[in-house]
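Please construct the entire structure, taking both the sequences and the accompanying hints into account.
Protein chains: 2
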Amino acid sequence: MSPALPYLTLSSEEICALHETGAQTVALQAPEGLKRHLFRVTKQLRAEGFSVCISGDPCYGACDLCMETKAMADVLLHFGHAPVDDTPGVIYHFAPASPDPAGVKNALPLLEDTTVGLVTTVQHVHLLEEVKGVLAENGINAVVCDGSERTPLHGQVLGCSFEAARKTGAREILFFGTGVFHPIGVALTTGARVIACDPYTGRCEVADGDALLRRRFVQIEKARAAESVGILLSLKSGQKREELAYELAALSENAVVITMQEITPDALLNLGFDAYVNTACPRLAYDDQVRFPVPVLSPQEFEIVCGKRTWDDYAIDEIL
Amino acid sequence: MSPALPYLTLSSEEICALHETGAQTVALQAPEGLKRHLFRVTKQLRAEGFSVCISGDPCYGACDLCMETKAMADVLLHFGHAPVDDTPGVIYHFAPASPDPAGVKNALPLLEDTTVGLVTTVQHVHLLEEVKGVLAENGINAVVCDGSERTPLHGQVLGCSFEAARKTGAREILFFGTGVFHPIGVALTTGARVIACDPYTGRCEVADGDALLRRRFVQIEKARAAESVGILLSLKSGQKREELAYELAALSENAVVITMQEITPDALLNLGFDAYVNTACPRLAYDDQVRFPVPVLSPQEFEIVCGKRTWDDYAIDEIL
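Respectively, the protein sequence lines represent chains A and B. Numbers 1 to 320, taken from this note's numbering, label the letters of the first sequence in order. Numbers 1 to 320, taken from this note's numbering, label the letters of the second sequence in order.
No lab work stands behind these hints: they were computed from the structure. Keep in mind that the hints are not guaranteed to be accurate.
[To be verified] The calculated lysine-lysine pairs, modelled on BS3-like cross-linking and capped at a C-alpha distance of 30 Å, are:
#1 236(A) with 236(B)
#2 43(B) with 222(A)
#3 43(B) with 240(A)
#4 167(A) with 105(A)
Here is the structure:
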């Protein structure tokens with residue numbers, strides 16, 4: 001599909017592809033910011049003879065497929081993300097965003113190398129060739145790589161998978177996208193100097209992984225005193241690391257596995273544990289600690305608490 | 001089990017019953033207010049040789065069994081509720097509360113009849129015989145009845161099932177328990193005069209169903225202008241009324257079925273529909289309207305909007 005099409009309207013090619021599956025009932029799923037387009041899509045699909053149902057629960061990624069709703073339909077049409085796995089019966093509609101690729105010029109003054117790795121998130125992947133061109137015009141050679149199976153698009157990173165950055169082998173990496181976590185994740189997993197370039201605001205900065213590490217070390221120290229530790233096991237389709245959760249629970253007699261669909265501050269407060277270990281979306285521990293009532297550690301951080309890993313081997317959690 | 005046992009500690013009879021099932025792994029589930037006891041129960045079960053995992057998601061009743069977590073264990077130990085269905089592999093621990101049954105004396109000045117129906121919620125059901133005795137000493141004949149299959153305890157009502165009240169056939173019904181919804185529900189489903197007696201505060205009052213009805217009528221009128229209507233279909237074990245949801249969706253071309261695990265104000269806001277119809281826990285529409293951004297109607301209320309039901313046939317939604 002083309003990024004020039006109206007936002008969250010299905011193209012005739014997509015409608016044809018749906019008809020070709022033989023589907024009669026289509027389930028729709030989208031992240032929060034796109035949900036309000038789903039009734040328009042519903043009407044478009046009904047006009048084409050399909051029955052429709054919508055998944056209304058929060059959706060944070062393609063790791064969060066509404067499997068129960070999918071089971072009520074012939075096919076799941078999932079908006080806004082690229083696949084993280086090969087779950088059958090799912091069709092993805094990427095909903096690309098289109099900021100100006102020339103915005104990458106703002107990053108030029110911060111670059112120290114003439115060769116940089118280049119990565120972004122799903123909604124900007126289609127712009128990477130143009131971004132690369134702008135950089136080339138300015139004497140910068142940008143290296144774009146394929147990532148893991150979880151990040152199928154060329155140059156794509158996820159909050160749980162930075163393989164496309166790692167594979168560039170570059171000493172300097174440019175992240176073209178929004179937010180602070182992805183560039184910090186790239187920095188901590190690759191050891192490279194990372195420049196984050198926000199294509200909407202034009203703001204560029206060197207990602208500071210140290211500040212995150214200092215905050216994490218405080219949480220690790222706090223968690224050492226915990227007499228009860230909940231090992232959080234997500235029930236989401238692409239976040240359910242059951243084996244890891246039970247391995248971690250076996251590290252301490254104070255630990256027990258706790259399954260959760262949505263990991264929320266209220267839920268953790270009500271459970272009343274002294275600390276938690278997050279085996280779901282890695283970003284939960286890193287981004288949302290300030291919202292949680294007690295330390296929420298990554299698997300690697302809990303291994304440090306249990307003496308199974310040293311500080312020097314600190315690593316960012318990834319789902320590869 | 002006896003109400004005299006410490007709160008949320010398993011009795012030796014319960015441990016024996018668990019051993020007799022042959023279970024090795026036990027999943028634990030409890031409503032929010034009881035969740036913080038689950039780690040103590042975990043340690044008790046581990047000392048008996050069981051493996052344990054905990055369901056951390058919100059739990060509002062026995063209609064809300066954690067089926068996916070249950071599938072990871074041999075048996076589900078569900079705290080705080082009586083069964084609403086015959087799902088196999090679930091053991092219920094009632095967690096009774098024990099206010100003073102003599103508190104019912106506070107209701108005596110409000111009673112107009114010498115025969116009253118008597119109902120309560122699950123945590124006080126074990127007190128009904130004593131309450132009945134106190135009433136008898138004061139010249140009042142209390143009638144206690146069995147309800148529906150969904151309310152297996154003698155004299156028990158749920159927010160979605162008032163059959164035990166209806167069956168008393170009484171013109172006056174005494175609700176011994178907390179909160180305002182259950183007595184109002186009893187009043188609106190039976191047409192009886194209902195006295196609510198809170199055994200903790202001693203406060204007694206005549207349940208006022210009219211105020212609820214007036215508020216609901218406002219929402220019905222607001223919903224008439226809706227150009228998009230989401231028919232909410234719960235994914236919870238005992239709240240999933242799929243046939244009803246699709247029947248309601250068929251009443252209007254502006255309606256579509258939306259599946260949800262948790263129906264929250266944020267989720268409804270993000271979906272952006274003009275109105276919703278709730279086929280999940282009936283109390284969501286009646287109790288929580290003030291939290292929702294747009295009208296959330298009951299199935300019967302939506303039928304009024306669609307002209308399939310008249311105002312005179314207004315009825316409280318029940319899951320019988």
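Consistency of the hints with the structure:
Note on residue 236(A) and residue 236(B): the hinted pairing holds, with a Cα-Cα distance of about 16 Å set against a maximum of 30 Å. For the hint linking residue 43(B) to residue 222(A), the alpha-carbon distance of about 23 Å falls within 30 Å, and the restraint holds. For the hint pairing residue 43(B) with residue 240(A), the CA-to-CA distance comes to about 25 Å; that is within 30 Å, so the pair holds. Proposed proximity of residue 167(A) and residue 105(A) is supported: the alpha carbons are some 24 Å apart, at most 30 Å.
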